[in-house]
Every structure is written in structure tokens, then in C-alpha cells.
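Asks: Sequence:
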Amino acid sequence: MINLSTGAYYERSTQQLGSLREQANKLQNQISTGDRLSRSSDDPVAAARLRTLDRRERLSEVDQRNSDAALSDLKLADTALSTMVNIITRAKELALSAANEAQGTEQRALLSAELDTLRESLLSVANSRNVSGHALFGGQAAGAAYTLSGTTVTYAGTAATGQIDIGEGQAVTPSFTGPEVLTFDQGGTPSDLFALLGNLSAALQDPLADAVSVAQSSLDGLDSSFDKVTTAQTITGARMGWIEMMDTRRQAVGDQITQEKTDVGGADLPTTMIRLQETLTVLEASQASFVKLAGLSLFDIIR
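Heads up, the sequence shown is in this note's numbering, so the first residue is 55 and it goes up one at a time.
Honestly, I wouldn't trust all of these hints.
FRET-style restraints, in silico, Cβ to Cβ [unchecked claim]:
#1 223 to 311: 28 to 36 Å
#2 302 to 203: 43 to 51 Å
#3 115 to 260: 55 to 63 Å
#4 299 to 212: 24 to 32 Å
#5 175 to 312: 18 to 26 Å
#6 295 to 261: 50 to 58 Å
#7 99 to 185: 36 to 44 Å
#8 103 to 291: 20 to 28 Å
It is worth saying that the hints were derived from the structure and are not from the lab.
Note that CB positions come from ideal geometry on N, CA and C, so glycine has one too.
Based on the sequences and whatever the hints tell you, model everything.
Replies: Printed below as a string of C-alpha cells:
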């Protein structure tokens, strides 16, 4: 009878001590990690909510990467558009000089040479690349936006630019196609800046051409081109502002998710530390009691 009671006591005491150690380890883990849950079974409802919040965080990270890429492309586009404005401004100055009938052959040749240089610079800018290495003004084309064959520049991109999703059902267009920026109407006839600069340069080089008339007519085209590019700049600025606003909202939502994760699954450190101290105290007392009782002889027990 005594043997059975002693065995049961040992088993029960061992289980109690093991349970206390497990509880102490669990509390220590909560303090070190800051998490209240070590497995879903600790609180199934809270664990399910945490999984939902984790999924929202991952989706938000994808949206943020897309947003960063779109903003980078728009910044590249803004820089390129500013360069185009400078090219158009200088081209207009040259056109005004060319419209002066007093220009001699040598001066016209110098004007033509600079116009050719501006046209080359424009081609280089129009073939800028985005952060992915694709044509910035080529729509969804991977290759160059414009190709040069002889003296003719031709658009080689697609008709539209793809959009980038930035979250909350919103998407942004990160750039423009070349024609959206460089094509305009001149006297009711579609034209583009490459053709205008090329025609003016050729007229200045041809002693038989009416370079003055060509220069005068090119001024309206340059004004139209200037308007197209500056309008694109305004749109680009608005898109960048929209992305930055979405980033701010995403950050606010991210902060809310972080707080909710703390509320749902985070450990209350002050309370947890108190519970750990209480558990360790009970464990220490239980161990001492077990050791003391386990050390009693049979004579002590029946005495």
C-alpha cells in the first residue's frame, strides 16, 4: 500500500514540476520574443487573426515595391522631360536666329550643326531606360523607343504604357510613350520634334531652300512641342504626388497593423514578468518540498 502511494506521489510530483518548468519556459520565451503565442493552439482565434495581419503585411510590401519602382520611373521621366524642355528652348532660339534674313551661309551652317547636335541629344533622351532597363518612352517595348535610319527617326515602341498597381485598387502610369510627348499638330498636320529639327537643319544647309520661311514656320511647331512636354511634366508631378500620398496612407495602415499584431499576439511584458517570477517561486518551493519528502526513509513515514 505504501509502495503504491509512494509511486503515485512521485508520478504526480514529477508531472507538477514538469508543468511548472514548461510554464516558466513559455513565459521566458514570451519575454525574449515579445510574442504571447508560441503555437496556434495557445489561442486559435488570435492565431487566425495574426495570420490575416501577416498576409496584409506581405501584400503591403509588394505594393510598396511597386510604388517605389513607379516613383523611380517617374523621377527618371521628369529628368528626361526637363532635358527635352531645354532642347526645345535652345532650338527655338536657333530658329529665331535662322528666321533672320541677314544670316550668311557660314552662320546658317553653324545653326544647322547645332540643330543636328540637339536632335542627337533628343534621340538619346527619348531612348532613356527605366529602372528595369526597358525603354522609358517606349510604352511596353523592351528595346529602344526610337530607331535612326539614315536621317529618319522612327518610333519603335508600343501604342500604350502599362500601369503599375500600387495598392487599394489604384494603379499609376510610370511614364509616357514617345508620341505622347514629341508628336504635335503643325498647321493641322501631325508632326514630331525630330522631323521639325531635321527639316530646319536641312533647309539651313541647302542654299536653294527658303530657310527663313522654314524657320518661321518651325516656331509654331516648337511652341506646340514645348506645350506637350511641359504638360507631361505637370502630369508627372501629379502622379508622383499621388504615389507619395498612397505611400503615406500605406505607412499609416502599416502602423495600425503593427499595433494590432502587438495587441492580439504581443506579450504584456510587465504582467508576464510578474507571472514568471510567481511561477519560478512556486517551482522552487515545489522542488524543495519534493526533495525533502523524497529523502524521508520508510521509518520516518510510518513513525
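Asks: Evaluate each hint against the coordinates.
Replies: Tested hints:
no.: 1; hint: 223 to 311: 28 to 36 Å; verdict: 18 Å, violated
no.: 2; hint: 302 to 203: 43 to 51 Å; verdict: 47 Å, holds
no.: 3; hint: 115 to 260: 55 to 63 Å; verdict: 60 Å, holds
no.: 4; hint: 299 to 212: 24 to 32 Å; verdict: 29 Å, holds
no.: 5; hint: 175 to 312: 18 to 26 Å; verdict: 48 Å, violated
no.: 6; hint: 295 to 261: 50 to 58 Å; verdict: 52 Å, holds
no.: 7; hint: 99 to 185: 36 to 44 Å; verdict: 43 Å, holds
no.: 8; hint: 103 to 291: 20 to 28 Å; verdict: 40 Å, violated
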